[in-house]
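Peer 1: Here are the chains, one letter per residue:
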Amino acid sequence: MALYHTDDQAMLAETAGQFMAEEGAIAKQLRHWRDRQCKDGFGHDLWKQMAEMGFTGLLVPEADGGLGMGNVEAGIVLEEIGRNLTPSPFLTSSVMAAGALAHASAEAKGRWLPGLIAGDSVFAVAIDEGPKHRPETIATKAEKSGNGFRLTGKKDFVVYGASADMIVVAARTSGSDSDEDGVTLFAVPKDAAGLGHNSVRLVDSSMASHLTLEGVELDGDAVIGEVDGGRSVLDKVLDAGRVGAAAEGVGVARGAMDRTVDYLKQRKQFGRMIGEFQALQHRAAHLYSEVEIARAVTIKAQQLLDGGAENASLMASVAKAKVGKTAQLAVQEGVQMHGGIGMTDEYDIGLYMKRDRALSEFMGDVYYHADRVARLSGY
Amino acid sequence: MADLDAFRAETRAWLEENCPPEMREPVQGEGDVYWGGRNATFKSDAQKAWFEACRDKGYTVPSWPKEYGGAGLSPAEAKVLREEMAAINARPPLSSFGIWMLGPALLHFGTEGQKKRFLTEIARGEIRWCQGYSEPGSGSDLVSLQTFGEDKGDHWTVNGQKVWTSYADKADWIFCLVRTDKANKYQGITFMLFDMATAGVSTKPILLISGNSPFCETFFDDVDVPKSYGEDIPAQVGEVNRGWDVAKYLLGHEREMISATGGGDRATSLGAVAARNGTLDPVLRSELALFDIDALSFTAMSEKFLDEIKVGKAHPAQPNMMKYAGTELNKTRHELLMAAGGSTALEWDSEETRGGARARDWLRTKANSIEGGTSEVMLGVIAKRILELPGA
Ligand SMILES: Cc1cc2nc3c(=O)[nH]c(=O)nc-3n(C[C@H](O)[C@H](O)[C@H](O)COP(=O)(O)OP(=O)(O)OC[C@H]3O[C@@H](n4cnc5c(N)ncnc54)[C@H](O)[C@@H]3O)c2cc1C
Ligand SMILES: Cc1cc2nc3c(=O)[nH]c(=O)nc-3n(C[C@H](O)[C@H](O)[C@H](O)COP(=O)(O)OP(=O)(O)OC[C@H]3O[C@@H](n4cnc5c(N)ncnc54)[C@H](O)[C@@H]3O)c2cc1C
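Protein sequence lines, in the order shown, are assigned to chains A and B.
Per my numbering, the first sequence starts with residue 14, numbered consecutively.
Per my numbering, the second sequence starts with residue 1352, numbered consecutively.
No lab work stands behind these hints: they were computed from the structure.
Cβ atoms here follow ideal geometry from the backbone N, Cα and C, with glycine treated the same way.
Hints may be right or wrong, so weigh each one.
Ranges of calculated distance between the beta carbons of each label pair, as one might list FRET restraints [to be verified]:
# : chain 1 : residue 1 : chain 2 : residue 2 : range
1 : A       : D358      : B       : H1459     : 17 to 25 Å
2 : B       : R1627     : A       : K61       : 52 to 60 Å
3 : A       : G320      : B       : P1633     : 54 to 62 Å
4 : A       : Q31       : B       : P1741     : 53 to 61 Å
5 : A       : V213      : B       : A1360     : 34 to 42 Å
6 : A       : S187      : B       : W1699     : 42 to 50 Å
7 : B       : K1661     : A       : S245      : 34 to 42 Å
Chain A is faced by these chain B residues, among others (derived, beta-carbon under 10 Å) [unchecked claim]:
#  : residue
8  : I1557
9  : R1636
10 : D1643
11 : D1645
12 : A1651
13 : V1732
14 : L1738
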């Protein structure tokens, strides 16, 4: 498969690009909700509009009412989300939770998917149990209780958790904390008794929850996939999350870079445009190279994932790590080359820096994925 | 698609039959590379057999037209061949500046007569070429070159000096930039082809930090270059005084070629290779992992770049970016290989290290970001032509 977008994908990119630049723009969304201290951290109206565009159910199979597209297409939307810093539960709801629900019973699908596709509901995923992403270790317990389960434990960094109508929770049904087997995924409704939220605002103005599960009682049909066999579904959800976050990161990097290059062409010092200084030209050119490379490997990982390739999971980690490094470079160089004005709240470049920091922790940072690449490569 | 599948099966069978096992081992140094030319010798029977099989099939230059010694493969077929060769680690049957640099320029700018003669010779490995661009006073600022060809009616008389001419002492012919109009900087350079055996041409090897000396100073002392080598075979490529266009076009290919040394086709993880020497220090392990991430990412970029070139989607200045990123990456690769090798990697002439191959390779890679245009020059081109930053 060629590593560029097909005509259909290019059309989607144009549509999504225009939509995010207009409706998802920084002034209209991120700043708007931030300045109002919005408890959700994103706009439900925009989510509804995204549903009208068909985005919310992009990855949901056509048989279930969605568009049946793949990670490449989701990545296209995410890249535009990243470029415009559009706060949206797209990645957690439409990519990760929807990916998990693909393995759920027809009943569960019927219960949750229509709301997602219509833009009426939002989902979250609860995997992490500490400040760093360690999905190999799941300590949250799910014990058999009647014909269902009883969940006890805590989860951290549940993005938009408090706004979610349903949260996909990874819990342990047997074995010890770091066992491969014995993990089960559950669809936990927002109003489940014993589910507690402590929601906090993050550096990028998004909201994330510390979840407490104190004997949360669930029916047997809350189980997604096989009891004790949830790891394989979880791995798929993680890979989709990794390449999705990578795609959004590419957007953040490109957005920061484009702004910076524009600034270099406008700002005058020493009687010249600062973009004439070779010291800045070379750094901008280096940044451009890194962004292009990060984008290439992200598209590669998306394609491999869609094709079910053997090395897809490795490449998902490669992409997440490469984008992590690159987006960090883009925002750091961005603020620096803006000079003092880059430190002001009024200029958007700082918002890119904040988003990058949050996104880079989401689904594992550079260090986590570098370690994973080494392990998967046998060293 | 079905056609391509058939081609793949056919190719696989052909390779199975024609690529000797010894030619499926990674290249371990200069001796393993066959460069062709008038005085070429083969290192082994296997090398000879492999070269000849490829030559006869047109696989030394698979995508060149059949009438010039190629196999006339479509881009998709050429990709299949590359993939199938990579899958068995097949060595390139022939390495040559003729294939990488002059050939593409001739395909684009050459007359029919030039193509028939020179491309065929290149494809068949008969003539080994060298590149006469750089001069002592003209490196990055190549257009300032001074080597002068005086018009003497039916020939030019060339005087001047070139430097860094790779393999000039082994090459049969040179493609050379010669000033033919002193009044016009850009439009006063002619791209000439001539025999290194012509009277007045002499070379002097330059010893490099790697201990090897594949480069030469090249001197032209009243060298008479005929204006024509036969009907429709002028000695210059493109028009007289318009050689800069050819030179620039060729540099694009050179940059692409050098960028490929950055690991474009490498599938093996450097960390896994390094770990064969024993346990890795944790910090080195993480450096290797970060490198592998960069290398795999660059591999994806190379693939994307080639795909985009095929359909004309790549920015014309993109080879500069590939050259920059690929060569910087390759230097890092060799720094890490040295670190992973420890004291063994320091050995300069032991048999175990094949004559200090690792150390010599490491030193050789330092030229990657200099030859064919330095990294700084690449960044300058990206800044101006792709990012359109102000100031020329
Ligand atoms: C938090 C903060 C506190 C401050 N406090 C004070 C204060 O108390 N009093 C005060 O007077 N000022 C203060 N400043 C201003 C500070 O001194 C300026 O921000 C600084 O001198 C840079 O100028 P600039 O912001 O206009 O950036 P610019 O000069 O516009 O620079 C933009 C970018 O271009 C680069 N650049 C500019 N010229 C060149 C060149 N010739 N070659 C290569 N690159 C170049 C810069 O390095 C930078 O990356 C403060 C700034 C900040 C951020
Ligand atoms: C191994 C090797 C093989 C080679 N093979 C050949 C060959 O076969 N044929 C041939 O013709 N040539 C060959 N070359 C020459 C090569 O093309 C030149 O070395 C190269 O173009 C750089 O020129 P220079 O060495 O004169 O460096 P200079 O141009 O003197 O550069 C010195 C330093 O200044 C920097 N610099 C120069 N200009 C600028 C600028 N505008 N902005 C910022 N920085 C700048 C450079 O990046 C470099 O770091 C070879 C070189 C090497 C090392």
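Peer 1: Now tell me if each hint is right for this structure.
Peer 2: Outcome of the hint check:
1. A C-beta distance of roughly 53 Å is found between D358 of chain A and H1459 of chain B, which places it outside the suggested range of 17 to 25 Å.
2. In this structure the hint that R1627 of chain B and K61 of chain A lie 52 to 60 Å apart at CB holds, the actual value being about 56 Å.
3. About 35 Å separates the C-beta atoms of G320 of chain A and P1633 of chain B, a value inconsistent with the hinted range of 54 to 62 Å.
4. Roughly 29 Å separates the CB atoms of Q31 of chain A and P1741 of chain B, a value that falls outside the hinted 53 to 61 Å.
5. Separation of V213 of chain A from A1360 of chain B is about 59 Å and departs from the stated range, judged on CB atoms against 34 to 42 Å.
6. At about 59 Å, the CB distance of S187 of chain A to W1699 of chain B disagrees with the hint of 42 to 50 Å.
7. In this structure, K1661 of chain B and S245 of chain A meet the distance hint of 34 to 42 Å, their C-beta atoms being roughly 37 Å apart.
8. Restraint check, I1557 of chain B versus chain A: the minimum CB separation of about 29 Å is more than 10 Å; hint violated.
9. The closest approach between the C-beta of R1636 of chain B and any C-beta of chain A is roughly 6 Å, which is under the 10 Å cut-off, so the hint is satisfied.
10. Evaluation of the D1643 of chain B hint against chain A yields a held restraint, the C-beta minimum of about 6 Å falling below 10 Å.
11. Evaluation of the D1645 of chain B hint against chain A yields a held restraint, the C-beta minimum of about 7 Å falling below 10 Å.
12. Annotation: A1651 of chain B was flagged as interfacial toward chain A, and the flag holds, the nearest CB pair being 4 Å apart, inside 10 Å.
13. Residue-level restraint check for V1732 of chain B holds (minimum Cβ-Cβ distance to chain A is 8 Å; threshold 10 Å).
14. Hint status for L1738 of chain B: holds, given a least beta-carbon distance of 5 Å to chain A, under 10 Å.
Hint compliance for this structure: hints 1, 3, 4, 5, 6 and 8 are broken, all remaining hints hold.
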